[in-house]
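Trainee: Listed below, chain by chain, are the residues.
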Amino acid sequence: MIETENLTRKFGELTAVENLTLKVEEGEVFGFLGPNAAGKTTTVRMLCCLIAKTSGNARIGGFNVDDPEDCLKIRKMVGLLPGDVGLYDSLSAYKNLDFYGKLYEVSPERREEKIKQLLSLLGIWERRDHPVGTFSKGTKQKIAIARALIHDPELLFLDEPTANLDPEASKTVRDFVLDLKKEKRTIFINTHNLSEAERLCDRIGIIKTHLLTIGSPGSLAKGLHARKTVIQLQHANPKLLTAVEKLRPVKDAQMSDNKLILDMDDPEKDNPEVVRTIVEAGGSVQYVTELRSTLEDVYLKMIKETEDQ
Amino acid sequence: MRLWKAWIVAAKDFGVVRKNKYIFYSLITMPLILGIAFPLMMMIMLAGAPFNTIMPILGLLNVLFAVMAAMLPTVIASYSFVGEKVERSLEPLLATPTTDGELLLGKCLAAFLPSMAATYIGAAAFVAVMDLWSYTNQGVIMLPNLNLALMVGLVAPLACILSVEANVIISSRVSDVRAAQQLGGVVALPIILVLMLGSLLGFMPADLLALVISCVLAIAAVALFYVSKTTFRREEILTRWK
Chain V
1 MIETENLTRK
11 FGELTAVENL
21 TLKVEEGEVF
31 GFLGPNAAGK
41 TTTVRMLCCL
51 IAKTSGNARI
61 GGFNVDDPED
71 CLKIRKMVGL
81 LPGDVGLYDS
91 LSAYKNLDFY
101 GKLYEVSPER
111 REEKIKQLLS
121 LLGIWERRDH
131 PVGTFSKGTK
141 QKIAIARALI
151 HDPELLFLDE
161 PTANLDPEAS
171 KTVRDFVLDL
181 KKEKRTIFIN
191 THNLSEAERL
201 CDRIGIIKTH
211 LLTIGSPGSL
221 AKGLHARKTV
231 IQLQHANPKL
241 LTAVEKLRPV
251 KDAQMSDNKL
261 ILDMDDPEKD
271 NPEVVRTIVE
281 AGGSVQYVTE
291 LRSTLEDVYL
301 KMIKETEDQ
Chain A
1 MRLWKAWIVA
11 AKDFGVVRKN
21 KYIFYSLITM
31 PLILGIAFPL
41 MMMIMLAGAP
51 FNTIMPILGL
61 LNVLFAVMAA
71 MLPTVIASYS
81 FVGEKVERSL
91 EPLLATPTTD
101 GELLLGKCLA
111 AFLPSMAATY
121 IGAAAFVAVM
131 DLWSYTNQGV
141 IMLPNLNLAL
151 MVGLVAPLAC
161 ILSVEANVII
171 SSRVSDVRAA
181 QQLGGVVALP
191 IILVLMLGSL
201 LGFMPADLLA
211 LVISCVLAIA
221 AVALFYVSKT
231 TFRREEILTR
241 WK
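Chains as they are written, first to last, in our numbering: chain V, 1 to 309; chain A, 1 to 242.
Mixed in with the good hints there might be a few duds.
Unchecked claim - Which chain V residues face chain A? A few, computed with CB under 10 Å, are given here:
id, residue
1, 11
2, 80
3, 85
4, 125
5, 176
6, 212
7, 230
8, 233
9, 236
10, 249
11, 287
What the hints assert, rightly or not - Pairwise CB distance ranges, derived in the manner of DEER restraints:
id, chain 1, residue 1, chain 2, residue 2, range
12, A, 235, V, 265, 33 to 41 Å
13, A, 14, V, 54, 49 to 57 Å
14, V, 136, A, 60, 14 to 22 Å
15, V, 182, A, 239, 33 to 41 Å
16, A, 36, V, 136, 23 to 31 Å
17, A, 239, V, 305, 28 to 36 Å
18, V, 134, A, 22, 18 to 26 Å
Simulated from the structure, these hints should not be mistaken for laboratory data.
Backbone N, C-alpha and C fix where the C-beta goes; we use that ideal spot for every residue, glycine too.
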């Protein structure tokens, strides 16, 4: 659905996006993570044909973002939720959606049906004739999402969909995106919110001007460092450390306070043997847990590495 | 270019203008002043003057409707793109499958039609007030005459088009409504100056002058249309926004 090859955008001397190469498949939810000014919004703008690229290639649904004729087709198949909701405050929710429905060439019958469906789904149908200016931030965000969906786009770009929203409104928006995910829509999400990306996205790309890494949330976390087993002991004893170090599956063992932290290839298989060894060596195991690196660990490590370079 | 797309943009802007009290009152105040208050003032000032001295003064008043048509769009047109910027609605609007030309035309129509409607309402009120006065005092119907028809039917729409084009260009290049309005007002000034000086100097018959001014405005409007078409770039509008 989205294909970019060495996509680059410069603003004068400043390089906003550099050599971005990625592929997003149909029906995939792709998260774009990065700090402020990392090039996330610039990427979305290039992919929506809002701004031109400096070099490289990008294709959306087989259409080229370079070609003015293709751009009209791309804009028709894409729904965009920009960083700012950008609704007309003096017009009602219904009129806002109706205006965009017309611009996206949705037939009057379909438009009416779609507006009713979306506003009902988001719980705003009863207030459809109220001016948008009277709504809360969260409700405006919901209407902006409805606007992005008014023409049933094949591809949805969401730029910081829950930024500046309270937890309740964020959850509503997230649940709505999860519903869209079930419909097998292709969704491209720009976000700062790591837990949101982890929950919503099939794959994640971390960007800071150039793409730092890409993969599923699980594989990214796994790639940072392998899973570790943490064994909480009643009392720390160096004898126990020596005993487990002798075990073949244990690649690395460290003692920290009353904890034994072990690195093994297959903890599910080897943990019982380790526990048995500790008990036989006179140790008392309080509990066994797993230490996983989180997406946050990966993100912070990647960003720090680029800053250090 | 699909005209219906431009019309959708224009129709939305009409809705926004109708709900914006500042723009709405600005649009109705000027026709009321020029169409009713101004002729009433003239009547008081010229009370008792011979009828044939009134006619040249009347010619000057006719020009004011072309001036009004050049001034009114500064309120709406300068708000057109800057208004979208202020409401932060520009990005979703530019992301729709509309061409630059359709957006530009839509914005121009949204400024042109209400401005001309206000101008015609003012002119109609002016004709009614003046005729009531001349019929009561002289037993004659003075207006409409050829000069007013030329001013309102030819010069005013051309002056309005020129002003709209200039204002939309300015509006797409600045980020503040007040700056857009001030610059828009400055742009309308040369048009107003040409119209006022032409009438005041009286170096040629008023009707001929109206035709000459129309030609000048038409050429300028066509030239500005090409300038606006080549300079209007959605990327610049989006990225210049600070």
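Trainee: Which hint numbers does the structure go against, in order from smallest to largest?
Mentor: 4, 5, 6, 7, 8, 9, 10, 11, 12, 13, 14, 16
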